[in-house]
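J.: Take the given structure of chain U and dock chain Y to it, following the hints.
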Amino acid sequence: MTSIAATAVPARPRKLVGAGRRQWIGLLYVAPAVALVVVFFIIPLGMTAWMSLHNWPLMGEHSYIGLDNYWAILRDTRFWNALRFTGLYTVVVTIAIFAVAFPLALFIERPRRLTGFYRTSFFMPAVIGFASASLLWSWLLNVDSGLFSPAAYDLGLTGKKFNLLATFQPAFWSIIAMVVWKVAGFTMIILMTGLQSIPTDLQEAAMIDGAGPFARFRAITLPLMRRTLALALILSVAGSILAFDQFYIILRGGPRNQTLTAVYWIFNQSFVSFKLGYGAALSMILLAILVALSTFQLWLLRKPEGVD
Amino acid sequence: MAQARSRNSRLRLGIAEHATGMIASVLFLAPIVWTVLSAFKPSQEARLPPLPPWPTTGFSVENYGTLNTFGDGLWLPAQNSLYVSAMTVVFSVIVSVLAGYGFSRFRFPFKDLLFVVILSTIMIPFQSILTPIFLVLTKVGLHNTLTGLVCVYVTLQLPFSIFMMRNAFDAVPREIEEAARMDGANNFTMLLKVMLPLVWPGIVTIALFAFLGAWNEFLAALVLMTDQSKFTLPIMMTALQSGRFGAIDWGAVQAGVTVMMVPCLILFLLLQRFYIRGLMAGAVK
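Chains as they are written, first to last, in the working numbering: chain U, 1 to 308; chain Y, 1 to 285.
Don't read these hints as lab results, they were simulated from the structure. Backbone N, C-alpha and C fix where the C-beta goes; we use that ideal spot for every residue, glycine too. Accuracy of the hints is not assured; some may be wrong.
In the SDA-like style, the derived pairs of lysine to any residue whose C-alpha atoms are separated by at most 20 angstroms in a straight line are [what the hints assert, rightly or not]:
{"no.": "1", "chain 1": "Y", "residue 1": "K139", "chain 2": "U", "residue 2": "L58"}
{"no.": "2", "chain 1": "U", "residue 1": "K160", "chain 2": "U", "residue 2": "L147"}
{"no.": "3", "chain 1": "Y", "residue 1": "K230", "chain 2": "Y", "residue 2": "G141"}
{"no.": "4", "chain 1": "Y", "residue 1": "K230", "chain 2": "Y", "residue 2": "L146"}
{"no.": "5", "chain 1": "U", "residue 1": "K160", "chain 2": "Y", "residue 2": "L48"}
{"no.": "6", "chain 1": "Y", "residue 1": "K111", "chain 2": "U", "residue 2": "A35"}
{"no.": "7", "chain 1": "U", "residue 1": "K161", "chain 2": "Y", "residue 2": "L48"}
{"no.": "8", "chain 1": "Y", "residue 1": "K230", "chain 2": "Y", "residue 2": "K111"}
{"no.": "9", "chain 1": "Y", "residue 1": "K139", "chain 2": "U", "residue 2": "F274"}
{"no.": "10", "chain 1": "Y", "residue 1": "K111", "chain 2": "U", "residue 2": "I25"}
{"no.": "11", "chain 1": "Y", "residue 1": "K111", "chain 2": "U", "residue 2": "L27"}
{"no.": "12", "chain 1": "Y", "residue 1": "K230", "chain 2": "Y", "residue 2": "G213"}
Incomplete in silico selection of chain Y near chain U, CB under 7 angstroms [claimed, not checked]:
{"no.": "13", "residue": "S25"}
{"no.": "14", "residue": "P31"}
{"no.": "15", "residue": "A99"}
{"no.": "16", "residue": "Y101"}
{"no.": "17", "residue": "L114"}
{"no.": "18", "residue": "I118"}
{"no.": "19", "residue": "Q127"}
{"no.": "20", "residue": "T145"}
{"no.": "21", "residue": "F245"}
Coverage of chain U stretches by chain Y, computed from C-beta distances (three or more under 8 angstroms per stretch; other residues unrestricted) [as the list claims (entries may be wrong)]:
{"no.": "22", "region": "29-39"}
{"no.": "23", "region": "111-117"}
{"no.": "24", "region": "134-142"}
{"no.": "25", "region": "237-249"}
{"no.": "26", "region": "289-296"}
Same shape as in the complex, but just chain U (with noise of 0.2 angstroms):
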């Protein structure tokens, strides 16, 4: 890949072929891809943010209310315990994933006979959707005919079948532990390229000056992957923000409301209770929550100085 984007940036200032009127012709080969992106995108962006300047039924006429619905979300408890919940998960999934991609990363980085069959088999669950993933693992945890409880029943762990989605605590946990098996195939790949990106005689150099394993883990694995690691961070961290699928499948945001997450909040007020006014105003919150990490993800994955 970095050859191609060597090629790419000469390519530029480059004098172009033909000249003048010709050139328009690129605005016609780029049209269709801007005007879905202008309709599908810009547009309803826009409208995101007009809507949530009113309120809106789905049935009916919709009347300008200004800020109103803004001072709703600052009164809206349920709300905020969303938000306090997507950001519990977010942290705890974001943590599990790279406790355990890390190693896997490691391990397959150094070849070795049947790499390639362990990379595919931790690889396997990222290829699968997320709701297919979550129609599974329902079953899996299905307290009468799933797998975990009658299994611990049969070998005596539990004294009669224990529901792993009936309270919050093994709830969570089950839905972390999914998500891990699904996600951290995908971290692991992202973390490799890092791994790989790391020039082998820097390490035999610092292995020659005799530094141990974990030294030249902090002293030049670690410093050397910062764009990756942040990199595999962020789209964790983005993921996980916008978690949905999982919680609305297994838990449906049960039990007692307790895993509802900020996009299923959302989804509730925009498509269950058709405040649509209100829904775009929440939307607006997450939108800038979601902007801020951008930002802050260019800054993370800026070139470090003095390189290129």
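T.: Structure of chain Y alone, referenced to chain U:
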């Protein structure tokens, strides 16, 4: 003596490493294998806990039959999913090949601005603009149609696939084009005859991502497809699993999950290097 001992310890280390690798592989593969195998149990047995995972009272495809009796059956949502995914692949490839070529080879007003705008949509979660998308689709008469869903999916694919295609076109040396131009090829025949054969690995990558994205997408399909006859597989299966069609038949759920997973797994195994290539391109960006 010392040599033998070091060889011995290296052997032991190797065994320990492979044991770890195997255990980890089993943990990652088990849920998938468990489901695929359990789906082949007769429906009586499929209701019981899956211990052992394979059918013990005879191999059967009864669960797929049961699945077919819920709602509009298995075939209709499978067809919907297939249609939406195939169309998303076709249109996101066409649109992003054209745009990638345009951004790579022409100079026109607002070019950099347009490129940045398209790429930056990746930072904005589509979850936050679903309501207006719903209203826009109603406005243009695509409300509750698979075509409308395809439009949304193609748009979501664009930032990644245009970025991929522009890089792919940038990597083609200009001398090749100049030679073809001498022979009198115009822009469009140039794209079709000269460029496409050179950028096809990029096309396979974006097609694969488009398929997986559309096949697996859940929230937009849940919100935008309100008519049961327009349900895609994930929506239909969630309706079934939530008990919307009566008591939950876990055998049918296993069968449905298998139908949803297997195409992704096969495509990935066949096209693995294109997938990893796409990931790397995204990661290096």
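J.: Compare the structure with each hint and give your call.
T.: Tested hints:
Proximity of K139/Y to L58/U is assessed by CA-CA distance (about 14 angstroms); at most 20 angstroms being required, the pair is judged to hold. Proximity of K160/U to L147/U is assessed by CA-CA distance (about 14 angstroms); at most 20 angstroms being required, the pair is judged to hold. Only pairs whose Cα atoms come within 20 angstroms are accepted, and K230/Y paired with G141/Y is accepted, the gap being roughly 15 angstroms. Annotation: proposed proximity of K230/Y to L146/Y holds, straight-line Cα distance about 7 angstroms (limit 20 angstroms).
This hinted pair checks out: K160/U and L48/Y have alpha carbons roughly 16 angstroms apart, not beyond 20 angstroms. At most 20 angstroms may separate the alpha-carbon atoms for a hinted pair to count; K111/Y and A35/U meet this at roughly 14 angstroms. Taking the CA atoms of K161/U and L48/Y, the gap is about 13 angstroms. The hint holds against a cut of 20 angstroms. The hinted pair formed by K230/Y and K111/Y fails the criterion: a straight-line CA distance of about 38 angstroms is larger than 20 angstroms.
For the proposed pair K139/Y and F274/U, the alpha carbon gap of about 18 angstroms is at most 20 angstroms, so the pair holds. For the given pair, K111/Y sits about 12 angstroms from I25/U by alpha-carbon distance, which is consistent with the 20 angstroms threshold. For the hint linking K111/Y to L27/U, the alpha-carbon distance of about 8 angstroms falls within 20 angstroms, and the restraint holds. For a cut-off of 20 angstroms, the pair hint linking K230/Y to G213/Y stands: about 18 angstroms separates their Cα positions.
A distance limit of 7 angstroms between C-beta atoms decides the matter here; for S25/Y the minimum to chain U is near 4 angstroms, and the interface restraint holds. At about 6 angstroms, the closest approach between the beta carbon of P31/Y and any beta carbon in chain U falls short of 7 angstroms, and the interface hint on this residue holds. Interface restraint check: A99/Y against chain U, minimum CB-CB distance 4 angstroms, threshold 7 angstroms, status holds. Annotation: Y101/Y was flagged as interfacial toward chain U, and the flag holds, the nearest CB pair being 6 angstroms apart, inside 7 angstroms.
The beta carbon of L114/Y is positioned within 7 angstroms of a beta carbon in chain U (closest approach about 6 angstroms), and the interface hint is therefore held. The closest approach between the C-beta of I118/Y and any C-beta of chain U is roughly 5 angstroms, which is under the 7 angstroms cut-off, so the hint is satisfied. With a cut of 7 angstroms, the hint placing Q127/Y at the interface with chain U holds, because the nearest CB-to-CB distance is about 5 angstroms. The interface hint given for T145/Y is violated, since its Cβ lies 14 angstroms from the closest Cβ of chain U, which is over the 7 angstroms cut-off.
The beta carbon of F245/Y comes no nearer than 15 angstroms to any beta carbon in chain U, farther than 7 angstroms, and the hint placing it at the interface is violated. Requiring three or more residues with a Cβ within less than 8 angstroms of a Cβ of chain Y, the coverage given for the region 29-39 of chain U holds, as 8 such residues are present. Beta-carbon proximity to chain Y at under 8 angstroms applies to 4 residues in the region 111-117 of chain U; the threshold of 3 is reached and the given coverage holds. Requiring three or more residues with a Cβ within less than 8 angstroms of a Cβ of chain Y, the coverage given for the region 134-142 of chain U holds, as 7 such residues are present.
A stretch counts as covered by a chain when three or more of its residues have a beta carbon under 8 angstroms from one of that chain; for the region 237-249 of chain U and chain Y the count is 6, and the coverage holds. Counting residues of the region 289-296 of chain U whose CB falls under 8 angstroms from any CB of chain Y gives 3; the rule of at least 3 is met.
In summary, the numbered hints that this structure violates are 8, 20 and 21.
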